[in-house]
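Could you put the whole structure together from the sequences, leaning on the hints where they help?
If you read the sequences in order, they're chains P and Z. Using this note's numbering, you'd call the opening residue of the first sequence number 3 and step up by one each time. Using this note's numbering, you'd call the opening residue of the second sequence number 3 and step up by one each time.
No false leads were slipped in.
Same chains, same label: a pair holds when it works inside one copy or across any pair of copies.
Dumping the calculated BS3-like pairs for lysine-lysine here, alpha-carbon to alpha-carbon at most 25 Å:
1. Lys387 - Lys95
2. Lys364 - Lys106
3. Lys387 - Lys106
4. Lys106 - Lys212
5. Lys212 - Lys48
The set of hints was computed from the structure by calculation and includes no laboratory data.
What follows is each chain in one-letter form.
2 protein chains.
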Amino acid sequence: MTGEIIAVGTELLLGDILNTNAQYLSRQLAALGIGVYFQSVVGDNKDRLLNAFENAFKRADLVITTGGLGPTDDDLTKETGAEYFGLEMIEDKESMDNLRDYFKNNNMPETNLKQGYIPKGAKALKNNNGTAPGCIIEKDGKILVMLPGPPAETIPMFEESVIPILSKKQDKTFVSRILRLSGIGESAAAEAIRDIMKESENPTIAPYAKQDEMLFRITAGGNNKDEADKLINPVVKQIYKRLGQYIYGEGEDASLEKAVLNELEKRGLKIACAESCTGGELCARLVNCSGASNVLLEGVVSYSNESKISRLSVKEETLLKYGAVSAETAEEMAKGVSLNLKADIGISTTGVAGPLGGTEEKPVGLVYAAIYMNGKTNVYRYMIKGNRNKIRHRTVTNILNNLREMLIKDVSEK
Amino acid sequence: MTGEIIAVGTELLLGDILNTNAQYLSRQLAALGIGVYFQSVVGDNKDRLLNAFENAFKRADLVITTGGLGPTDDDLTKETGAEYFGLEMIEDKESMDNLRDYFKNNNMPETNLKQGYIPKGAKALKNNNGTAPGCIIEKDGKILVMLPGPPAETIPMFEESVIPILSKKQDKTFVSRILRLSGIGESAAAEAIRDIMKESENPTIAPYAKQDEMLFRITAGGNNKDEADKLINPVVKQIYKRLGQYIYGEGEDASLEKAVLNELEKRGLKIACAESCTGGELCARLVNCSGASNVLLEGVVSYSNESKISRLSVKEETLLKYGAVSAETAEEMAKGVSLNLKADIGISTTGVAGPLGGTEEKPVGLVYAAIYMNGKTNVYRYMIKGNRNKIRHRTVTNILNNLREMLIKDVSEK
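Here it is as structure tokens:
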């Protein structure tokens, strides 16, 4: 089955609100194995909506709309759906009772009465979180599902009333696994497994670039979850064999910072951070994972030379001779924060985040970062393109990934 | 002129990412006076994209695409745009030079070369934040603008290269002013100026809720900028009269942290931060503004009790008696960091960010924050609903706004 999503609402076309329903419904349909090849947004306008229905049903068997079920004259999705299928609007007793019940002692505005009507032959969908019931029309092999617009109503209605109906119509089960990679770009990663991607039809392998990382989504369809898993697993194994060192985690919830914290916690290692150009973002991203306190001793945002000297024991002559943005300063910062705070690992960042402060020798985007561990310091040099925010964010991602690789390597060498 | 937005990317159809570009571009087009009646999302598929172009150009003069300009075989927006207009792809020297420059000493994967090609007769748009240049095709009265997908690339490219071109084509000049408010919710702010909003037709006044802030966009159309400005100014003045204390800045680039840094710099005040639950985010948000070094002396991420005692001179008995999350600890942290680092102002945060660690007495979301200045400490108590990330982010916003209000009040009293 193929599906399309049409969001109805002028507020979406003006950019007043974000179309989160489309993302939610797309995910749900993907999980049900219903292919979505098109999403659209159209205003509260009968002719344009009719046109959208016509185009959508040319391409798809199932169309899901969100929005336009409210009580005002603007709200005309249901009426337009009825017109598209040549159905008249009739009162739905249960919906009308629910409406009266919803308003109970409050006076129901007259306009709300229209929410008690549905296209003849359609099935009303109860709204447990608002006044507008949804409905489903099934006719001539086509299905039109009309849901309310506010996500707090759309989502429960979809889960309570629509999933049970759609899943009965699907004979296949689809399973996805997501591999998350850091330290390698989309094109290089895709290049490394091009042959696997080409050969594999079920599962399919799709690469995506995200900010500072990339991921592969591997999706298989089978008669049941077991069968789909069995199709996916050998392919995932092949990918791990080639790109394992870059794969820091799996699934929607994985993050590089969580992966690093796990590796540290497994080894019982404590870290301390000395941040100059990243200004606290390294710590903040670690602390954003629950349980960071088991691993993170302290962070110092050492933005000035004075503070680098007093807190981190960076030598004044190092700053004078090499500058605050230098491999030498990064090295002393990492060592200093580790020794001063008695942490197993010290991490430092220092760089030119811009937009001002760049020189020919040290341009905006030049960053040094260092990791001190077991008496040794590794210094990294990054050249990052982009604005201040991107340079700082990418620096944190890079040094976290370097730390992750170092920890994993450290173990495998032993 | 009417415009349409087509987002290209299978990851959008799978619900892997949210289509924030559509919202951003819709707003921008509205501000330019370009009507948007349709948005759509289509996968990385030539035939379906061609079909989308055909439908869109039936309805609109301008089509803006996002995504599909990357280096992989999947990325085919530019090639499909060329095919739609019957143009061949040719090498664009400047784009190719920029690409080579981007990769410099790193090896450029062969596949990236395709990003240096554009449709013949098109104008390339430089990408200052990534590898994929955009481009504009103008032919037979139709305009196709193709932008990269990652918002960090889409938005700057649109603002730097596309707005200047589109605004020249509009006969009316639209001017928008954006007032940004902190410390007041959308409905309370809208309520406070409901009569002004109702009366005013040109300019229009639209309220938007954003994460942790709200804004009013005031838009007027006139024959030239001056005329539009003259329509806007008295309305803005009225809004300032009623809500001035909440308005921390104007425009897309304003931020609460910049506003705070400006107020501090004007007064020649230096600050130091002691962060527990926010874990560096307060510093990171300040440092994200260029020039933070003029104001920020140092930050301490003091996540453990030990560190609160040794670095911030919090008394052990305070921690024992009241706990780390308490008004008393927040107060001592702010005072300690200010005195220890010889800063004019010390700011502290300590709270239960969750998801674990909450008790009946101190539930998840309870945060204390403090500001020490001139020998006095103000302590604030927040109860914030939401996940760990939201609690920490909102804490930073709240304390920054409290500091801003304190600084402004301090001056007006003098």
